[in-house]
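K.L.:
So the chains spell out like this:
2 protein chains.
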Amino acid sequence: MIAEIMAIGDELTSGQRLDTNTQWLSQQLEALGIEVLFHTTVGDDLEANIQVIKNALARANLVISTGGLGPTDDDLTRQALANATSTELKLDAESLEHIQRRFTMRGREMPPKNQIQAMFPVGSRIIPNPNGTAPGIDLDYSVGLHHSRFIALPGVPAEMKEMWATTVVPSLAGKGTAKKIIRHHVVKCFGVGESHMEALLPDLIKRGREPRVGITVHQATISLRITATGQTAQQCEEAIADTVQQIQAAVGDLVFGEGEQELQDVVIRDLLARGETLATVESSTSGMLAFWLGTVDTDRQAFLGGTIEMPVELVSQESVEKAAVQARSVGNATYGLALGTLTKADSADQYYVALASKDGVESISSGLAGHPEIWGPRMAKQGLDLLRKKLIG
Amino acid sequence: MIAEIMAIGDELTSGQRLDTNTQWLSQQLEALGIEVLFHTTVGDDLEANIQVIKNALARANLVISTGGLGPTDDDLTRQALANATSTELKLDAESLEHIQRRFTMRGREMPPKNQIQAMFPVGSRIIPNPNGTAPGIDLDYSVGLHHSRFIALPGVPAEMKEMWATTVVPSLAGKGTAKKIIRHHVVKCFGVGESHMEALLPDLIKRGREPRVGITVHQATISLRITATGQTAQQCEEAIADTVQQIQAAVGDLVFGEGEQELQDVVIRDLLARGETLATVESSTSGMLAFWLGTVDTDRQAFLGGTIEMPVELVSQESVEKAAVQARSVGNATYGLALGTLTKADSADQYYVALASKDGVESISSGLAGHPEIWGPRMAKQGLDLLRKKLIG
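For the record, the sequence lines run as chains A and B.
With the first letter of the first sequence counted as 1, position 120 gets the number 120 in the UniProt record's numbering; the numbers rise by one all the way through.
With the first letter of the second sequence counted as 1, position 18 gets the number 18 in the UniProt record's numbering; the numbers rise by one all the way through.
Just chain A, with the same shape it has in the complex (with noise of 0.2 Å):
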């Protein structure tokens, strides 16, 4: 079963409105084992609007839209979705009682306009709105032997969810349409570039394998995003299990967490377990790491605290060794790490990363490439890497 997810308005083509229904439904979806495999948003053109349904009643056999339900000339859903379908639009007395008693239970009277909402496409089922005066529309439809089904939901996020929830969620698996479960596990992974991480997980990538493995890369964080298909939850967490097993066994500690963890949450923990403590120093990188780690641990426990410094003329390994070496005894820290680069007008600019602790000082470099928004984040997180990789031995 592909389902695919459409949101309707000129507020979000032009912009001007950023959608998270469409992400929310696609979760939805993937819980209940529908895979989504096509999102359509489209602006309030009448034309426009009947094309789209007809590609996605042609292409999906679930169709969730949002949007477009309104009162005003500018929603469309209703109208375009009855042209798709060839059928007419039909009032509904009930739905025309209950949008006109939520006028007057704030004292109002109901515009002529709102009379629009209580019309449906004939042959389709109402889907009740608590909160709100526009139903949703449920409307089956089919070509030949292609059968799909058309849920048009209010694009107001309380009204759409509640309604997901209290009617259009029940309608699915009491079809038994939810026949195959999906779940979803990260692995992160730091130190290796995306098509290096790949070379070293060959069989793993590949598209058709089951659980099916994704690679994408944040900020020089690599995410595995591995995902399981079956017929039970269980199921499912036996081959993610294994699968992770496996990425372990080929990449080793290029693996540091899972879902959304980032370095400095697994350093910070780590630190924490140890009873062990942090102080940094950084530059160019305007207190990005102090940020991170301070963000995770604002008691600070673990990480003591920062200093960003002054802008230095002249960068060399040597003097981050000695500011790393410095950190830790001036914070009187478990550990001191230490980030500087250097500018060079002759030759490629270097970044330093060095860690200090009781058993000296170790230090890496690297060039520097592109923006600082691209090479900032990689430097910070080669410094918190150095100290997670000493944490673990």
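Keep in mind that the hints were calculated from the coordinates and are not lab data.
Please note: incorrect hints may appear among the correct ones.
Since the list gives no way to pick one copy over another, a pair counts as held whenever it fits inside one copy or between any two copies.
[Stated by the list, open to error] No farther apart than 16 Å at their CA atoms in a straight line, the calculated lysine to aspartate or glutamate pairs in the EDC-like style are these:
hint, residue 1, residue 2
1, Lys390, Asp349
2, Lys113, Glu198
3, Lys188, Asp265
4, Lys161, Asp299
5, Lys54, Asp92
Let chain A serve as the given structure and place chain B on it in line with the hints.
P.N.:
Okay, now just chain B, sitting in the frame of chain A:
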């Protein structure tokens, strides 16, 4: 001219990640007067990618995609675009050299997989990517009288945005044929809550007003979003200028800036204009203030640096004032700004913000409410706002 924006990746269709590129590109196209009517998101499936690209090329004149240009097997945009337009992929030697150079700069060898990133559909223009290994693709495609153009950009926002600004925008100049011109303008304010702000501007927020004014709040910064529609850009801009004037007359120096500006941007700008400098010291905010300031002033010409204090047992108005004076003198700066919080066992927690200058020291304090994520940014912004007001006299 109709535009469509496309986002590619399982991590989006599965709901694991929220797509923000599409909104950003929509805003950019609107500003160019190009109407966006469709957004499409598709998972990492070759056949589905080919279909949505064909659809988009048929119904839009300009298609901008993000994602799917990485070096791994689940990056399908290049291949799907070639298939959808019945073209072949061909190696571009210059792009390959660029990619190899990026690896060399970081002291690594290019994995063979990355060669795919130098492959382009025959006839396409290459969009350089100074910050990453994935160049973009710019391909014209016509069927009969319908002409369209497909621009494929990487999904990494920092790379995508620079490529957009540097290469794509100049190539689109003069292509906007929207009948109506739309202009947006955002006025930024700080110092009161959202409902208070609305009460100060009663006639402006009204629905149906032209230009439209919307109000949103993020981390205590209020954005007043003005949307003007007209026949010419000049007409829109005049209407916006008139509304901006009305806002300024109503709320005075609560207005600090416009557009994407934050308090740190205007503070650094004003300091640089006056040839003055700032040093900071903060506790409880994990260096947030220094991080914000340092990100604006990467050269450190105005923001000399910050210190993140080790945890303090007892903060008082006096101690924070003293810290501001000390930051100023130690840093040899025109201004010293200090932030501190006091957690009390028996009464409401407090925070203190102090500003030291040649005129002495001034400070403000306020109660702490809720989560550090709420009061942290507010406290840091109160410090910046204190300095902003000092700078404008």
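K.L.:
Would you pick out the hints that fail for this structure and give their numbers low to high?
P.N.:
1, 4 and 5
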